[in-house]
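Number of protein chains: 2
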Amino acid sequence: MKVEIIAVGTEVLMGDIVNTNAQYIARMLSMLGLGTYYHSAVGDNAIRLKEMLEVGFERADIVITTGGLGPTKDDLTKEVAGEFFNEEMVLDEATLKNIEDYFKRLGRPLSDNNKKQAYFPKGSKIIPNPHGTAPGCIIEKDNKALIMLPGPPSEMKPMFKDYITPYLSKYSSGILVSTVIRLFGIGESRMEELIEDIIKEQVNPTIAPYAQKGGLILRLTSWGKTREEALDSMEPVKKLLYERLGDHIYGEGDKGLETLVCEELISQGLKVSAAESCTGGMISSSLVNYPGISQIFDEGHVTYSNAAKIKYLGVKEETLTKYGAVSRQTAYEMAEGVAKASGSDIGISTTGIAGPSGGSKDKPVGLVYIGISFKEEVYTYKINITGDRQKVRHMTTMWVFYYLLELLKKYAKIG
Amino acid sequence: MKVEIIAVGTEVLMGDIVNTNAQYIARMLSMLGLGTYYHSAVGDNAIRLKEMLEVGFERADIVITTGGLGPTKDDLTKEVAGEFFNEEMVLDEATLKNIEDYFKRLGRPLSDNNKKQAYFPKGSKIIPNPHGTAPGCIIEKDNKALIMLPGPPSEMKPMFKDYITPYLSKYSSGILVSTVIRLFGIGESRMEELIEDIIKEQVNPTIAPYAQKGGLILRLTSWGKTREEALDSMEPVKKLLYERLGDHIYGEGDKGLETLVCEELISQGLKVSAAESCTGGMISSSLVNYPGISQIFDEGHVTYSNAAKIKYLGVKEETLTKYGAVSRQTAYEMAEGVAKASGSDIGISTTGIAGPSGGSKDKPVGLVYIGISFKEEVYTYKINITGDRQKVRHMTTMWVFYYLLELLKKYAKIG
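Protein sequence lines correspond, in order, to chains A and B. If you read the first sequence in my numbering, its first letter stands for residue 1, the second for the next number, and so on. If you read the second sequence in my numbering, its first letter stands for residue 1, the second for the next number, and so on.
In case anyone wonders, no lab produced these hints; they're calculated from the structure. Heads up, some of the hints might be wrong.
Since the list gives no way to pick out one identical chain from another, each pair is judged satisfied if it fits inside one copy or across any two copies.
What the hints assert, rightly or not - The calculated SDA-like cross-link candidates involving lysine to any residue, where the alpha carbons are at most 20 Å apart (straight line), are: (1) 271 <-> 377; (2) 116 <-> 131; (3) 213 <-> 11; (4) 391 <-> 132; (5) 116 <-> 191; (6) 255 <-> 94; (7) 340 <-> 310; (8) 213 <-> 130; (9) 391 <-> 258; (10) 157 <-> 18; (11) 157 <-> 255; (12) 157 <-> 212; (13) 238 <-> 109; (14) 311 <-> 343; (15) 311 <-> 341; (16) 213 <-> 18.
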């Protein structure tokens, strides 16, 4: 079963945005054991899009398009698909109702353009879109299937996961099962050195390493006639990887460091607070992004100036003058101070030089001190991060969650 | 002159990596006034790659490939190109010497695989690669040009900039100039309605609307024999767009809301502080991401619990009990309180229901109140956002910067 992915949109073609949809869909298809043979991108142009569909269906059985389902005049995918399959466009009342309700909720007037989104080529399966106004749809004809999805990844991805994956499973012969092992605090090349031989030897499962959001990921993908068979062939390889890389593995599956930390904090009922300098609120913001965090998070502080560090955290003036704001001692007092001020079990602090300026020979850009006041103990960490201001701040946040997760696991065992 | 971009590599096709090369090349081409009509991706497969070249040259005059120039067996681009143009592969001594020197410097033995990189289809222009071992090359035949570039962006981009741009300029009859107009606080379909006639009538410049990071963008692209000519033809259309959409336009070019706000704050020398509930630090973090923000930003507070709102901001207990934490009154007192506590000219507050739970009939998920204490005045805003927790928090942050920029512009005029 051959599949082709077509991105429709001048913004992709002209390079205004990167086509991340193709990557996501290609991954999902290989999970389903379906082969992706081509990706394409074409502009918002009816003639070229139709030609693209002709080429696509000459070399593939299933074509998946992203984009061109929006309300504007240059959103043409459904209309061109209708032409291609010789099907007229018909109104779907249920979809129209959804769109009307959506705009009521927004308190915005419904435009005629939006009504356009309720028309589909006759005979289409309509795919609901809980995250936007543009539903997807599927046309099946002459042993070919055209799957049309919206362009915004925030709408396309959940639609693919919840509706298209089950739909496509009927085309897949066996099953590919995939899992990710998550690592932090080790470089990509170092990791590959440590497991080069394993990666080379492996056929089923395959092992693919990636860098992601400052951490590393090993994607294991194994094939089997059944899900169980696929999972079984994964186990011995997993065991090997843990033997070689165990110190750097913090988890498996979809949950990142932030999620795992929030889950631990809540399950252990430990209150947390943060005093941030260089991260400037990124840590609190990551915590607050977790639903239900209010159980263990009351407050956080961005103490950017020295005055704020003294006023809210009780950092000693002499500490700042003697060691500087970016120092182990200041990080220590910030973490201790914020735990005390907020009456939390855990106090987190960050202070560093995010750049681009402000660096010196002794304290270069990328130097960061982290403090974690955990119950009676205060731990401090010194890290050096290369990269721009945004990266230094992001990586600092990642390191905080990594060290905190270590402490939480240790505490869970002994506590 | 039609151009097609083809990515060669199974890692792109299977979604192991995102095809950012296509975006970069498409941008550069439009700067040169060359039209990109299609992007494609194909795996490391000789038969399908050759088919891809056939399709490509049926619909384009110039085909640019990225990838498949490496030393391994499955790097096939040059070999397939040789077949396609009926040219034998010949050794380039100069390239071989470079590769040999490169490996001497590394102190690594030269493998036969690496020698493969010194062979090119007969008659190729060879493009040096200062950042790797794989040179690029160009074959011209029958009024067609095939440009083969390496896959790694760190090698491809400098090669394109330094060698391919000058090479392509001979094909470019004029120049395309492009700019973006940035809007916020209006839906895509509503905007489309307001300027539908303009978009329809426009040929030069063309107008392309799309959504980006919670805002909207209008990309104007105009063609001219010279840069000046292109810019001139843009002006009357810009004027029209400002007449229709002026209320929602906050800027032009690359700078987003956050950057424009930070620039205004610093140039007007106004100190700012934030008291965040639902955004949980996102606003402070956006401010701190701007280098040099320390001039006007000392501190921010994440007051997530009612207790914290009372303790740090002096929000009245009766306000919280009478109106609730998510209310115009609480937002008012938070903004006023944080400005006072931090001695800032401007105090920002956010309080809302980010979801997924916590909503009610009167106060549904997505309801947010924003407060801005600006000098002597306190302004409050009520907004309703649809979407998940992350989106509610992100959009709230965008609205804060949008309202603040409005106030800063007004103040700059009267002040």
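To see whether the hints hold, each was checked on the structure:
1. Taking the shortest Cα distances, residue 271 and residue 377 sit within 20 Å of each other inside one copy (15 Å), while across copies they are farther apart (36 Å).
2. When the C-alpha separation of residue 116 and residue 131 is checked against a cutoff of 20 Å, the pair qualifies only within one copy, where the shortest distance is 18 Å, while the shortest distance between copies is 50 Å.
3. In this homomeric assembly, residue 213 and residue 11 come within 20 Å of each other (Cα to Cα) only across copies, at 14 Å, whereas the closest approach inside a single copy is 25 Å.
4. Taking the shortest Cα distances, residue 391 and residue 132 sit within 20 Å of each other only across copies (12 Å), while inside one copy they are farther apart (31 Å).
5. Taking CA atoms no more than 20 Å apart as the test, residue 116 paired with residue 191 passes between copies only; the shortest distance there is 16 Å, against 52 Å inside one copy.
6. In this homomeric assembly, residue 255 and residue 94 never come within 20 Å of each other (Cα to Cα): the closest approach is 36 Å inside a single copy and 41 Å across copies.
7. In this assembly of identical chains, residue 340 and residue 310 lie within 20 Å of each other by CA distance both inside one copy and across copies; the values are 13 Å within and 17 Å between.
8. Only between protomers do residue 213 and residue 130 lie at most 20 Å apart by alpha-carbon distance; the minimum there is 19 Å, versus 27 Å within a single protomer.
9. Taking the shortest alpha-carbon separations for residue 391 and residue 258, both the intra-copy value of 17 Å and the inter-copy value of 17 Å come in at or below 20 Å.
10. Within a single copy, residue 157 and residue 18 get their C-alpha atoms as close as 15 Å, and across copies as close as 15 Å, so both meet the 20 Å cut-off.
11. Taking the closest pair of Cα atoms, residue 157 and residue 255 come within 20 Å of each other only inside a single copy of the chain (17 Å); across copies the shortest separation is 28 Å, beyond that limit.
12. When the C-alpha separation of residue 157 and residue 212 is checked against a cutoff of 20 Å, the pair qualifies both within a copy, at 18 Å, and between copies, at 17 Å.
13. In this assembly of identical chains, residue 238 and residue 109 lie within 20 Å of each other by CA distance neither inside one copy nor across copies; the values are 55 Å within and 26 Å between.
14. In this assembly of identical chains, residue 311 and residue 343 lie within 20 Å of each other by CA distance both inside one copy and across copies; the values are 16 Å within and 13 Å between.
15. For a Cα distance limit of 20 Å, the shortest separation of residue 311 from residue 341 qualifies both inside one copy, at 11 Å, and across copies, at 11 Å.
16. When the C-alpha separation of residue 213 and residue 18 is checked against a cutoff of 20 Å, the pair qualifies both within a copy, at 17 Å, and between copies, at 14 Å.
Hints 6, 13 from the earlier list are contradicted by this structure; the remaining hints agree with it.
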